[in-house]
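Spelled out from the first residue to the last, the chains are:
There are 2 protein chains.
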Amino acid sequence: MVGAGNLATHLSRALHDAGHEILQVFSRTEENARALAGRLGGGVEYTSSLAGLRDDADIYIVSLKDTALVECAPEICRGREDKLFVHTAGSIPMQVFEGHCSRFGVFYPMQTFSKGREVDFSVIPCFVEACNPDDEQLIHALASSVSRSVYHYTSEQRKYLHLAAVFACNFTNHMYAVCADMLAQHDIPFSTMIPLIDETAAKIHSVEPRKAQTGPAVRFDRNVMDKQLALLKDSPDLQQIYEMLSKSIHKTSTK
Amino acid sequence: MVGAGNLATHLSRALHDAGHEILQVFSRTEENARALAGRLGGGVEYTSSLAGLRDDADIYIVSLKDTALVECAPEICRGREDKLFVHTAGSIPMQVFEGHCSRFGVFYPMQTFSKGREVDFSVIPCFVEACNPDDEQLIHALASSVSRSVYHYTSEQRKYLHLAAVFACNFTNHMYAVCADMLAQHDIPFSTMIPLIDETAAKIHSVEPRKAQTGPAVRFDRNVMDKQLALLKDSPDLQQIYEMLSKSIHKTSTK
Chain C
-1 MVGAGNLATH LSRALHDAGH EILQVFSRTE ENARALAGRL GGGVEYTSSL
49 AGLRDDADIY IVSLKDTALV ECAPEICRGR EDKLFVHTAG SIPMQVFEGH
99 CSRFGVFYPM QTFSKGREVD FSVIPCFVEA CNPDDEQLIH ALASSVSRSV
149 YHYTSEQRKY LHLAAVFACN FTNHMYAVCA DMLAQHDIPF STMIPLIDET
199 AAKIHSVEPR KAQTGPAVRF DRNVMDKQLA LLKDSPDLQQ IYEMLSKSIH
249 KTSTK
Chain G
-1 MVGAGNLATH LSRALHDAGH EILQVFSRTE ENARALAGRL GGGVEYTSSL
49 AGLRDDADIY IVSLKDTALV ECAPEICRGR EDKLFVHTAG SIPMQVFEGH
99 CSRFGVFYPM QTFSKGREVD FSVIPCFVEA CNPDDEQLIH ALASSVSRSV
149 YHYTSEQRKY LHLAAVFACN FTNHMYAVCA DMLAQHDIPF STMIPLIDET
199 AAKIHSVEPR KAQTGPAVRF DRNVMDKQLA LLKDSPDLQQ IYEMLSKSIH
249 KTSTK
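Just so you know, the sequences run in chain order C and G.
Counting in my numbering, the first sequence runs from -1 upward without gaps.
Counting in my numbering, the second sequence runs from -1 upward without gaps.
Do not take every clue at face value.
No copy labels: a pair is met if it fits in one copy or bridges any two.
[As the list claims (entries may be wrong)] Straight-line distance between alpha carbons at most 35 Å, and here's what the computed DSBU-like set of lysine-lysine pairs gives:
#1 LYS231 to LYS81
#2 LYS249 to LYS157
#3 LYS209 to LYS245
#4 LYS253 to LYS225
#5 LYS249 to LYS231
#6 LYS231 to LYS253
#7 LYS209 to LYS157
#8 LYS81 to LYS63
#9 LYS63 to LYS253
#10 LYS81 to LYS253
#11 LYS113 to LYS253
#12 LYS157 to LYS81
#13 LYS113 to LYS225
#14 LYS157 to LYS225
#15 LYS249 to LYS81
#16 LYS81 to LYS245
#17 LYS209 to LYS231
Note that these hints are calculated values from the structure, not bench results.
With these hints in hand, go ahead and build the complete structure from the sequences.
Below, the structure written as structure tokens:
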């Protein structure tokens, strides 16, 4: 396991629990490498140097930040050209390995991982891809051993998948954060908002998001919107976000 | 029940199921008034004329669009000055009734209601307020008969509550809609995104949204962000939304 971040940690543990043997953990930060190796039980080696990577793994799972992945791919592959290399990044094409080895692919588990929060890996959609059918089957089998939802999409599709996930997860969480700040400023506990947040997410299990849309922006109710914009007078950034998202909602609802 | 929209419909049914007697339903659109009255069982009257409102209700629940509420409040109260009037609007102060009657308040169930989607009213937070303690107690009792979560906040606080709900629900749903459109354009089913959406919402039950934030904008990873902006080249609106929300996330995470 080349990497010891949130995704690497959750994936390592899921693989370990499924009976796969993790030989070694790499992280530039030795403490993180040691910590993850320790959590996987006795006998798992760790290193903070790419030169210290073992040569005898069947698969090298590279779970580094995008820039580090691009930068380190050549060194990770060097001298191990017959091994299988996969990365876990949503937005990086599998071709990042091309020219450095002959067998490569992608194993992208799409989820928002935070340290200290347990996740049920079996429900996480995993997106796999490989440069040849045999390795694609191998990565598929590996992914299927930890998740019930394994999909095959191209690097091109995965780029949009990752972008869509930024909207559905990262931007959505920011909406929650704005909401929490606003409530705190007016002495209202954030817990009052949880049922609404839950129902908003639950609704789109069965209703198309476009049809589930409610609120003043759908009918572009300038009266309500102007009053709400006035409440945001001390936050020009939020005013701009409010205005733009409202316009976008209205445009979508009239398409 | 003065109104027959989504909120009025769900609230009427919850009140009916809790054993309260709904005497009459008003809607400007007779068909809607008749439909809701019909769903409440035999004997519930309906009218499409404010002049046809009965005089013998204990409480008049006014669930109209904001503009209609402001416009119609005087006529609804006229000749019934000793009755209790409440509205169900998040962003309208209870003073909308002031001068037209002596007993008034608010009963705001905060949820996103869609026709055809059942909701469990008992988990919906209801925000109540009244112009005197006796009527506040009465509205509290009414709300408690249909919901386990009843809160008392002022009209001023409720304005921010409603604004916060626009972020947490309406804007969040729009993020889902953008995501769904993007996936459809690249032949990926929206169902692949459901586990991520669910986990994003579930996470903030136990983690502060600010701390739950993940994604390229947290570390303002210009490399990933520029690539994703390039994918949005045909949607200047979405590019602008992406840029602004990313900036706002980064600002929040460094505060």
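Verification of the supplied hints:
1. LYS231 to LYS81: neither (58 Å within a copy, 38 Å between copies)
2. LYS249 to LYS157: Both: 25 Å inside a chain and 25 Å across chains, each within 35 Å.
3. LYS209 to LYS245: Both: 16 Å inside a chain and 29 Å across chains, each within 35 Å.
4. LYS253 to LYS225: both (26 Å within a copy, 27 Å between copies)
5. LYS249 to LYS231: Both, since 25 Å and 18 Å are each at most 35 Å.
6. LYS231 to LYS253: both (31 Å within a copy, 19 Å between copies)
7. LYS209 to LYS157: both (26 Å within a copy, 26 Å between copies)
8. LYS81 to LYS63: within (22 Å within a copy, 65 Å between copies)
9. LYS63 to LYS253: Between copies, since 23 Å is at most 35 Å while 38 Å is not.
10. LYS81 to LYS253: neither (50 Å within a copy, 44 Å between copies)
11. LYS113 to LYS253: Classified as between: cross-chain Cα gap 20 Å, same-chain 41 Å, threshold 35 Å.
12. LYS157 to LYS81: within (25 Å within a copy, 60 Å between copies)
13. LYS113 to LYS225: For LYS113 and LYS225, the Cα distance is within 35 Å only across copies (27 Å; inside one copy 40 Å).
14. LYS157 to LYS225: between (39 Å within a copy, 9 Å between copies)
15. LYS249 to LYS81: neither (50 Å within a copy, 42 Å between copies)
16. LYS81 to LYS245: neither (51 Å within a copy, 41 Å between copies)
17. LYS209 to LYS231: Close inside one copy (31 Å) and across copies (26 Å); limit 35 Å.
When the structure is compared with the earlier hints, violations turn up for hints 1, 10, 15 and 16 and for no others.
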